[in-house]
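I would like the entire structure built from these sequences, with the hints used as guidance.
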Amino acid sequence: MNLTLKVWRQKDKNDEGRFIEYSAKNISPDMSFLEMLDIVNIDLVKKGETPIVFDHDCREGICGSCGMMINGRAHGPGRGIATCQLHMRSFADDDEIVIEPWRAKSFPVLKDLMVDRTSFERIMRSGGYTSAKTGGIPDGNSILVPKPVADEAFDAAACIGCGACVAACPNSSAMLFVSAKVSQLALLPQGQAERETRVQRMVAQMDEEKFGSCSNTYACEAECPKGISVVHIARLNREYITAQL
Amino acid sequence: MNPFFKFINSSVGKKILMSLTGMLLSIFLVEHLAGNLLLLKNDSGEAFNAYAKFMGGNPIVRTMEIGLLGIILLHIFNGIRLWLENRGARDKKYDSYQLSENTTLQSRMMKLSAALFLWFLIVHMRTFWFHARILGEHDIASLVYSTFQQLWYVVFYLGSLVVVGFHLRHGFQSAFQTLGLRTKKYQSLIDFIAVLFWFVIPAGFAFITIFIYLYKGNAVALAQ
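Here the protein sequences line up with chains A and B, keeping their order.
Read in the numbering used here, the first sequence has 432 at position 214, and its numbers run on one by one without any break.
Read in the numbering used here, the second sequence has 67 at position 81, and its numbers run on one by one without any break.
Worth double-checking, as some hints may not be accurate.
[Said to hold, decoys possible] Straight-line distance between alpha carbons at most 30 Å, and here's what the computed DSS-like set of lysine-lysine pairs gives: (1) A/K323 / B/K(-8); (2) A/K224 / B/K78; (3) A/K444 / B/K27; (4) A/K323 / B/K97; (5) B/K79 / A/K323; (6) A/K329 / B/K78; (7) A/K444 / B/K0; (8) B/K79 / A/K329; (9) B/K78 / A/K229; (10) A/K444 / B/K170; (11) A/K224 / B/K79; (12) A/K444 / B/K78.
Hints are computed from structural coordinates only; laboratory data are not their basis.
Rendered as structure tokens:
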């Protein structure tokens, strides 16, 4: 496969940035999108140019490091995949592919396609924890969790914090991410101690980070590599309302 | 800060304000349609005029009318605030952004449908409400009948009702999602009730408009 890439290049936080065109030649359709970028980068290094910087780590869709806007879609075309799980067979020969970083005020671009997602870390720090008893190890199965509840909590816990929800949202809202965390801990008995303060603090931190407000377009759910459902957003709203009472 | 203001100024609180005001306005549409049905009666508008007189004279209804205006203004200004803040949350726009692949047309058109809705509302109130409440005219039914003999007016109304339907298509289910009520269990029930609001009610208004255009020409001629 031969492709034309239109890639966002930005030296650092303060650089204005611009699109630069590259051609990717002899790409195997079985390569992942990141492997394709690796090939392009090898060529760039050979030519003495700076390679395209992008976040990546596990390359099997579980770490949440990689993420870029590919042809206007978070993690590119396809459902339920991170950029590392996107294969070049999803594109046609001679396609032009536009590659941009996540765009949100709360995710400033650090370099090229790499964005600063520490705003997510700060939201987690504000309430994404549970009180744990120190001392002896509790007996196995001493805390009973009904299976449907455990399943629902696990669905929320599948969030890898990649930021695709923010990137895909027309309002750059972080509601799907925050709701996944609030929902997971609100469902489980271990999360009850901080149940009310958690939702209030995490929403307050989310607002302080200047993420937009949710307008229920559900673009986040469609682009989430882990298929996190917007029912968790409904649960966050419910938790937030009851926490006021 | 006062806990209420803290709540209402949070991202979730602003959405809840949007949701509650939107729901109240939707309920008003039910009353409005019920009243308008009187226009279909074959009594030269007598029943409708009696209803209009009651609505204009009853102090409780007049107070509710002021409340309604307040709710409309809250809905509009809170919406503008959310729009501006949300726009600011993305400082640099995407070069390529395929939002249409993941969202409904109605959800993307909320701001446009809101603006058109407001324009319609102003024209609508100038045409009827202004005559009834400000000029104090009594035969509102005849005013309605004669107004809808003009084809361009009928077309404008029908177009506006499509806009109303569009706005409610996204807005109605959105209001329930914001209140946390759109759970897996109630999703289908809410979507069913939503059809009444985004389709049946606007279609009801449209039916009355077309009915008057087609069959109430005689009433106008008789009155003259």
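Do the hints match the structure? See the list:
{"no.": "1", "hint": "A/K323 / B/K(-8)", "verdict": "holds (23 Å)"}
{"no.": "2", "hint": "A/K224 / B/K78", "verdict": "holds (17 Å)"}
{"no.": "3", "hint": "A/K444 / B/K27", "verdict": "violated (57 Å)"}
{"no.": "4", "hint": "A/K323 / B/K97", "verdict": "holds (22 Å)"}
{"no.": "5", "hint": "B/K79 / A/K323", "verdict": "holds (10 Å)"}
{"no.": "6", "hint": "A/K329 / B/K78", "verdict": "holds (15 Å)"}
{"no.": "7", "hint": "A/K444 / B/K0", "verdict": "holds (28 Å)"}
{"no.": "8", "hint": "B/K79 / A/K329", "verdict": "holds (17 Å)"}
{"no.": "9", "hint": "B/K78 / A/K229", "verdict": "holds (16 Å)"}
{"no.": "10", "hint": "A/K444 / B/K170", "verdict": "holds (18 Å)"}
{"no.": "11", "hint": "A/K224 / B/K79", "verdict": "holds (16 Å)"}
{"no.": "12", "hint": "A/K444 / B/K78", "verdict": "holds (26 Å)"}
When each numbered hint is compared with the structure, a violation occurs for hint 3 only.
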